[in-house]
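Enquirer: Build out the structure end to end from the sequences listed, making use of the hints.
2 protein chains.
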Amino acid sequence: MLFERVAIVGVGLIGGSFALALKQAKACARVVGVGRGRANLELALDRGAIDAVGTDVSDCDLVLVAAPVAQFPKIFSDLKIGPKALVTDAGSTKRDVIAAARLALGPRIGQFVPAHPIAGGEKSGVGAADAALFRGKRVILTPLAENGAAAVERVRAAWEVCGARVGTMDPAEHDSILSTVSHLPHLLAYALALDVTTRPESARLFEIAGAGFRDFTRLASSHPEMWRDICLANRDCLLEDLRKFSATLELLRTALERGDGKRLEDAFSQARAARDKWLKSSS
Amino acid sequence: MLFERVAIVGVGLIGGSFALALKQAKACARVVGVGRGRANLELALDRGAIDAVGTDVSDCDLVLVAAPVAQFPKIFSDLKIGPKALVTDAGSTKRDVIAAARLALGPRIGQFVPAHPIAGGEKSGVGAADAALFRGKRVILTPLAENGAAAVERVRAAWEVCGARVGTMDPAEHDSILSTVSHLPHLLAYALALDVTTRPESARLFEIAGAGFRDFTRLASSHPEMWRDICLANRDCLLEDLRKFSATLELLRTALERGDGKRLEDAFSQARAARDKWLKSSS
Numbered sequence: 001m002l003f004e005r006v007a008i009v010g011v012g013l014i015g016g017s018f019a020l021a022l023k024q025a026k027a028c029a030r031v032v033g034v035g036r037g038r039a040n041l042e043l044a045l046d047r048g049a050i051d052a053v054g055t056d057v058s059d060c061d062l063v064l065v066a067a068p069v070a071q072f073p074k075i076f077s078d079l080k081i082g083p084k085a086l087v088t089d090a091g092s093t094k095r096d097v098i099a100a101a102r103l104a105l106g107p108r109i110g111q112f113v114p115a116h117p118i119a120g121g122e123k124s125g126v127g128a129a130d131a132a133l134f135r136g137k138r139v140i141l142t143p144l145a146e147n148g149a150a151a152v153e154r155v156r157a158a159w160e161v162c163g164a165r166v167g168t169m170d171p172a173e174h175d176s177i178l179s180t181v182s183h184l185p186h187l188l189a190y191a192l193a194l195d196v197t198t199r200p201e202s203a204r205l206f207e208i209a210g211a212g213f214r215d216f217t218r219l220a221s222s223h224p225e226m227w228r229d230i231c232l233a234n235r236d237c238l239l240e241d242l243r244k245f246s247a248t249l250e251l252l253r254t255a256l257e258r259g260d261g262k263r264l265e266d267a268f269s270q271a272r273a274a275r276d277k278w279l280k281s282s283s
Numbered sequence: 001m002l003f004e005r006v007a008i009v010g011v012g013l014i015g016g017s018f019a020l021a022l023k024q025a026k027a028c029a030r031v032v033g034v035g036r037g038r039a040n041l042e043l044a045l046d047r048g049a050i051d052a053v054g055t056d057v058s059d060c061d062l063v064l065v066a067a068p069v070a071q072f073p074k075i076f077s078d079l080k081i082g083p084k085a086l087v088t089d090a091g092s093t094k095r096d097v098i099a100a101a102r103l104a105l106g107p108r109i110g111q112f113v114p115a116h117p118i119a120g121g122e123k124s125g126v127g128a129a130d131a132a133l134f135r136g137k138r139v140i141l142t143p144l145a146e147n148g149a150a151a152v153e154r155v156r157a158a159w160e161v162c163g164a165r166v167g168t169m170d171p172a173e174h175d176s177i178l179s180t181v182s183h184l185p186h187l188l189a190y191a192l193a194l195d196v197t198t199r200p201e202s203a204r205l206f207e208i209a210g211a212g213f214r215d216f217t218r219l220a221s222s223h224p225e226m227w228r229d230i231c232l233a234n235r236d237c238l239l240e241d242l243r244k245f246s247a248t249l250e251l252l253r254t255a256l257e258r259g260d261g262k263r264l265e266d267a268f269s270q271a272r273a274a275r276d277k278w279l280k281s282s283s
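As they're listed, the protein sequences go chains V and E.
Read in order, the letters of the first sequence are residues 1 to 283 in the working numbering.
Read in order, the letters of the second sequence are residues 1 to 283 in the working numbering.
Simulated from the structure, these hints should not be mistaken for lab results.
Just so we're clear, the structure is a prediction, and the values are computed from it rather than from any experiment.
Please note that the accuracy of each hint is not assured.
[As the list claims (entries may be wrong)] According to the in silico footprint, chain E covers these stretches of chain V (three or more CB under 8 Å from chain E):
no., region
1, 125-134
2, 144-155
3, 203-215
4, 267-275
Ideal Cβ placement from N, Cα and C applies to all residues, glycine included.
Expert: As structure tokens, this is what we get:
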């Protein structure tokens, strides 16, 4: 058994799935759930994701923090961990989470091994939790200089037990890459759904919208509070990505305005070829 | 039997699926395929979508034109139809297709009932054709003042036999709505895929990109030539939609720059609520 007692702070889709996966793999003996919402914790108990509800995590050997990232400073400062406990997280941004952990954990910062599981989607809540959520999915660890090798290995093992493919990355590189391939698409999907919603002819537009619109805007069904926090936490990267994306969109707009069919077709072909190559290599 | 002889000009995904659906429903006796690519027409024969390859459609009582819209002027002007034949099409834009038809068909324009099946996706070619492609999907007819009621009803019947839900709309309204809910998302998906592809760190970005990026950019795997033609044909609407979208995106960018979390969360919530309501009502 990998861990004796595990605490999940924020028992939503990610926290609940992590707990279910550890239990299914018999990698932990007992899970305690910590959170804001009583009803949600009851549901987590019903679903068997957690064995108890509590606030004291001092006897746990692993703590997962899986809440919207803006709550991390308060969560970390409330966290009374034992000297041998390890802490990991599921925050979608890493620089802000690490800064909050440093501030709150002080000399115990070496016990925190930051992680970001790239899994989830637009569903949320422990009701959607699934022991298989992380299977084959990528988890990025962004270890700190203060982390001992054994601590990193134990946290890696926890995510691997959930079925994830675990890699490591520098926190700043993580935030920059995720901004481009995840945070920017979310913002664009929200923008398009908002654009269509706020037009006078909105009802008629939705009536005709088909599968393309549905897939394109799927990310706009993501959790608003969580995504507000991610956008704000990663603001510098995201503003830079918006600038780059807008420049590319402006290239296409100019070609369109000029009726430059060759430029448009070349751009579409280049985009399609790159995407199709990626799909092939990642399948 | 609805039709004796049917001609399909452009036997790709749409044309091939239309032929297969009519045949499966025993709604036509014989289908002739007309097109540019010999190999593709051979495949259409092999797949049973067409019974013969030809160029003479004068003895056909229904002709479907299903090619990239920029080819319509030439196709219409080459089309020698009999006095009782009906012509319909599958063009994603309608004003330009109708203008091309008017020019070429002259006094026979009443025989052309324009249509747009909202089906397909990023696959293309007769190899992907499927008799069930239109089942439950929307087909929009944009009838002309010159169309007799019987002509519209026969064309409607042809699409209904394929399983489609057929509605009618003014051509200009069609182009405006499709620009917003289909052409704009395609352009944005191409822009994001292009943006990521053209960055120096492109390989690393693709390595980390997950399901969100995949769904968001699905439309960027669409056929470049077809989408070049659609964008150019619907340029005025699409430029206007780009202007509106950019204004909405700028609202979000400004909120982000100011760190205005409330504004961001409100916008995300509004977008999500509208999309979720739409999904519920359309399922």
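Enquirer: According to a criterion of three or more residues whose C-beta lies within less than 8 Å of a C-beta of chain E, is the region 144-155 of chain V covered?
Expert: Since three or more residues must qualify, the claim that chain E covers the region 144-155 of chain V is violated, with 0 doing so at under 8 Å.
Enquirer: How does the coverage statement for the region 125-134 of chain V fare against chain E, requiring three or more residues with Cβ below 8 Å from a Cβ of that chain?
Expert: Coverage by chain E is violated for the region 125-134 of chain V (0 residues, Cβ < 8 Å).
Enquirer: With a C-beta cutoff of 8 Å, work out whether three or more residues of the region 203-215 of chain V approach chain E closely enough for the coverage to hold.
Expert: Since 11 is at least three, the answer is holds.
Enquirer: Is the listed coverage of the region 267-275 of chain V by chain E valid when you require three or more residues with a beta carbon under 8 Å from a beta carbon of that chain?
Expert: holds (count 8)
Violation of the numbered hints given earlier is confined to hints 1 and 2; the remaining hints are satisfied by the structure.
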